[in-house]
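Let the hints inform the model, and build the full structure from the sequences given.
Sequence lines, in order, name chains L and P.
First residue of the first sequence? That's 0 in numbering that gives the first Met the number 0, and the numbers climb one at a time after it.
First residue of the second sequence? That's 0 in numbering that gives the first Met the number 0, and the numbers climb one at a time after it.
If you are wondering where the hints come from, they were derived from the structure by calculation, not from laboratory data.
Please note that the accuracy of each hint is not assured.
Now the stretches of chain L that chain P is said to cover, found in silico as 3 or more residues with beta-carbon under 8 Å [said to hold, decoys possible]:
no., region
1, 0 to 7
2, 277 to 288
3, 366 to 377
Just so you know, even glycine gets a beta-carbon here, dropped at the ideal spot from N, CA and C.
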Amino acid sequence: MKLRFTAREEAFRADCARWLSEQLQGPFADIVGVVSQLGMAERRLEWERALGRARWSVIGWPERYGGRDATIAEQVIFAEEYARARAPGRIAHLGTELAGPTILHFGNDLQRDRFLPPIAAGEEIWCQGYSEPGAGSDLSNVRTRAWLVHSAQGAEWVIDGQKIWTSFAQLCDWCFVVCRTEEGSKGPKGLSYLLVPMHQKGVTVRPIRQLTGEAEFNEVFFDGARTRAEYCVGVPGDGWKVAMGTLSFERGVSTLAQQMTFRNELERIIDVARQNGAVKDPLIRQRLSQAWIGLRIMRYSALRMLSRATTGTLGPEALTYKIYWAVWHKKLGELAMDIIGAPGELVIEPPYGLADLTHLYLFSRADTIYGGSNQIQRNIIAERALGLPKEPRGDR
Amino acid sequence: MQFAFTEEQDLIRDTARKFLAANAGSSQLRAAMTQSHAYDPDVWRAIAQELGWCGIGIPESMGGAGMGMVEQAILFEETGRCLLGTPLLATAGFAAAVLHETPESTERTELLAAIACGNRCLALVATDDSGIAERYAVNAVTLGGSLRLSGHGAFVLSGDAADSLIVPAVTADGDLVIAQVDLPAAGAVMRSQKALDLTRQYARIEFNDVVPSALLADGPQARRVWVRGVQVAQVALAAEQLGGAIGALELTTTYVKERHQFGRPIGSFQAIKHRLADMLVECEAGKSAVYYAACVVDEWRSGTGTEYELAQAAALVKSHCSDMFQNVAGNAIQLHGGIGFTWEYAAQLYFKRARASGNLLGTAQYHRERLAELIGLVTAAETTP
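Below you can see the structure in the form of structure tokens.
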């Protein structure tokens, strides 16, 4: 067990930092620090392509698909330097972190060759089609249906149904959609994991306005939408295994970049507390220290998780990680507002423009819901890490 | 960067766990609690002399195993898990940590060598009757060319079993000196302090013109030596707290799987599951904190780390683990229901150990205030009451 990076890894760090600063102090200076979910989307798509051209988009992937075969330590370093340079949030992240790794792991050569290079190049942007109005926490209760048809163009899947809470759907080229492909099947059985093009007649995207005032997530309607028969990842009917595999990739290296964003937020909150004197209040000071401790712990939980990932097992630290950061971040938002006081309640520009820390306060209410709510996380932790009895179901 | 245990480290844990399961289980703990110093002398002899646990972090040149803080943390985690109460923590975790930081001297080498071969119990005087960290009530006065110690120390862990004390004493100039006092010593009066925690014992020691056996550090650097040594000791204690929390969590998890009400195991109810899940979240965070802090100690000792990082890590880990252990042990009683409130059941022992360890070497609040200074929220002058 050791924390230090080798001299070679530190040299790699210098390479990352050099490229990032050239770009972000040069052609991409306008998007430094852009955190708002939809802010400057066109420029951020250009940034994704620039990352792809320079092979910095998915450095952990094999070289033949546009990666660098980077080690975990190198991926950690890049994630840290990326955040340190205040590079913008990755608009392509559902492709680079979820769709890509899933196709790499569960897909076949045809799928890998077709889909991975454009993800790595930032040419194709992905969204996630999991949740439905009736399939939230009960994620396997999928109703969206798909069936195979044969025509002059060859065999195709036809898709009917609705997905919801689909982030960035309005910008995306492809969606990975969990569909029920075996009629009459229930729950996790009979589902398939299909890769579906978004730019077609049978797909309609309707934005949903969030409590922050933004509309980053959407409803997506599939009404006779089509995709090629060979774009099913894994065996048809066995898609639940693939869908769950995707979620385990979510606990990847990107969490370290997320932590650097958290650190920037905490530093800003500390600055405010110094300026307005809140830091003199010992109760506030205790909470600031506590926040600092939580953030540092998060870093080492992530490194523990990543170090174990090389051995191919998912330990209890991976199962507890999401709830830990989500609760931490929500409390940080509350601490920010307690420190700012009444001025935090003001909209800074009409109609509903929010100061960054106010935005943090509001947006962090979603952290303990998306990607599995705290309540579902606790069920998972209790059942998988502690071996407690499974939740009984009311319907099967 | 490889933040996972090596095979050798896993082996240390397995070996320790097997030994403790066979020799320091719950009935043995009950029996040990009735012994004069609240521990089983046979178990202490075995771990100190046969298994070499006291010397695991002491250099090979002094007869130790020459391993690091990570390996020590593994051991303390395992001893904490079964609430072992021997002089191990006071000797190897506290006193040896301070000795490690003191400048080289014959006395230092002899003491560390004696600890390594397991035939010496040491204790650290770290506070006064207030029990508050960094309160020193022993004064050092030079009388007729020799140093004399006067005052008192309290809450001295395993002080009643100690052969030697490590004592920080304040000089007339306000500097600190670190003295070694071999016991018995003329003018040193030892009194056991019976504590809520039944698994180990404290002592209060009165010093009346005691002539120290050796001076381990003096001059302007002595305070820094002391502070760094205590920080390492805090990491050792935090590792033990982590083990205690894990032990309480395991006890509770087993219980809720077996206990049936309403025709099903109570562990199938979300009210129970969710609280246990939260306990695990805290323990997993505790592991990250302890292993990180242990790595920082090893880096500090190997010359690649900084004093600042050590101070931060110690405050972080002692703060988190103090809260974690007290929360988890409190929940353990609650989830057991009535049986958890009985004298016979082990839940109370974890709960009381958690409170005692929370106070030792600084409470969670104390360490958060130190951290507030370290990260520049305030200056020391603004936080010290």
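Verification of the supplied hints:
1. Given a C-beta distance limit of less than 8 Å, the hint that chain P covers the region 0 to 7 of chain L holds, as 5 residues qualify and 3 suffice.
2. Here's how the region 277 to 288 of chain L fares: 7 of its residues keep a CB closer than 8 Å to some CB of chain P, so the rule of at least three is met and the hint holds.
3. Requiring three or more residues with a Cβ within less than 8 Å of a Cβ of chain P, the coverage given for the region 366 to 377 of chain L holds, as 3 such residues are present.
Checked against the numbered hints given earlier, this structure breaks none of them.
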